[in-house]
Amino acid sequence: MSQRAPDNALDRTLAALADPHRRQVINLLRERPRPAGELAREVGLAPPAMSRHLRTLRQSGLVEESSPDFDARVRVYALRAEPMIELLRWLEETERLWSAQLTAFRDYLAKDRPPAIDLASAPEEDPRP
Amino acid sequence: MSSRILVALRVPATPDRAFEAFTAEIGAWWRANPLFAFTPRGPGVLSFEPGPDGRLPEGRLIETLPSGKVFEIGKVRVWEPPYRLVFGWRQAAFAPGQDTQVEVTFEAVGQETRVTVQHSGWDTVPADHVAKHSFPEPIFLRRHAEWWQGLLASFKMAVGE
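Top to bottom, those sequences are chains A and B. Per my numbering: the first sequence = residues 1 to 129. Per my numbering: the second sequence = residues 1001 to 1161.
There may be inaccurate statements among the hints.
[Stated by the list, open to error] Pulled a few chain B residues facing chain A out of the computed Cβ check, cut under 8 Å:
#1 I1005
#2 L1009
#3 P1012
#4 A1018
#5 R1031
#6 F1048
#7 P1052
#8 L1056
#9 V1070
#10 F1071
#11 V1117
#12 H1119
[Said to hold, decoys possible] Pair by pair, the computed Cβ-Cβ distance ranges are:
#13 B:G1027 / A:A110: 11 to 21 Å
#14 B:R1041 / A:E92: 21 to 31 Å
#15 A:E38 / B:G1027: 54 to 64 Å
#16 B:V1070 / A:E31: 46 to 56 Å
#17 A:A81 / B:Q1111: 15 to 25 Å
#18 B:A1024 / A:A81: 38 to 48 Å
#19 A:P35 / B:A1028: 57 to 67 Å
#20 B:E1107 / A:E92: 43 to 53 Å
#21 B:A1024 / A:R58: 47 to 57 Å
#22 B:G1027 / A:G44: 54 to 64 Å
#23 A:D107 / B:R1041: 23 to 33 Å
#24 B:P1012 / A:R89: 29 to 39 Å
Please keep in mind that the hints were generated in silico from the structure rather than gathered at the bench. Being a predicted model, the structure only gives us computed values, none of them experimental. Every residue, glycine too, gets a C-beta built ideally from N, C-alpha and C.
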């Protein structure tokens, strides 16, 4: 199904974002791309631990790494917008869906409104204050 | 929170009638949406199916497909007529264990009723991981929500919306 891929991608996005250290990394990368060493220092993690988190973020597609031309040993991490755009799309589709459904619901009630029955079918004990 | 949508509309009915129509008559007013199918084999007819002993608070929202097969959209989580209704929401394309939740509230406004739908998307997915970090869940969700808000806002600007 065409929906499967983006939904699994969303799953990965959210799993990657479920960790507080990784969210800190994303926050730092929102300001600007940064090298791995700087991220480890800022977040307060040992470089190997940071490497593991960066790998997870890379696999989720949330960040990408590159090396500056002047030094191939330095790895710089930057944010990728695509996974978040998938999430936004889902939210927007869902909002459109409910707007349409609630409009259909209102039209249905407007058409089928049985004024006499509204009162007659009210429960005997009204729980409202 | 931003990974949640909120849509509200006034309907010409009392909360009692609106709650009843929303639940017992959902099959009559729900519009199948090809862009948002629960399963690729749909669309079918939606209904709230009572649980054991005909108890609706333990029921579920299902879609009965043309083939007669039943797809469970979600279980009823809160059933408080005529004020509040909460149920789970899954589309067939969701990954296993992935879940979203819909909360519908009914509030009298004069002769009419304001129906509010809140669809919380995906929060349950990170919440599943919460235990591993021993975050108290409400605090986690609140922080998480604030964080989402900022992040989504910046991405919305980035995509020019």
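Violated constraints from the hint list, given by number and in increasing order: 6, 7, 8, 9, 10, 17 and 20
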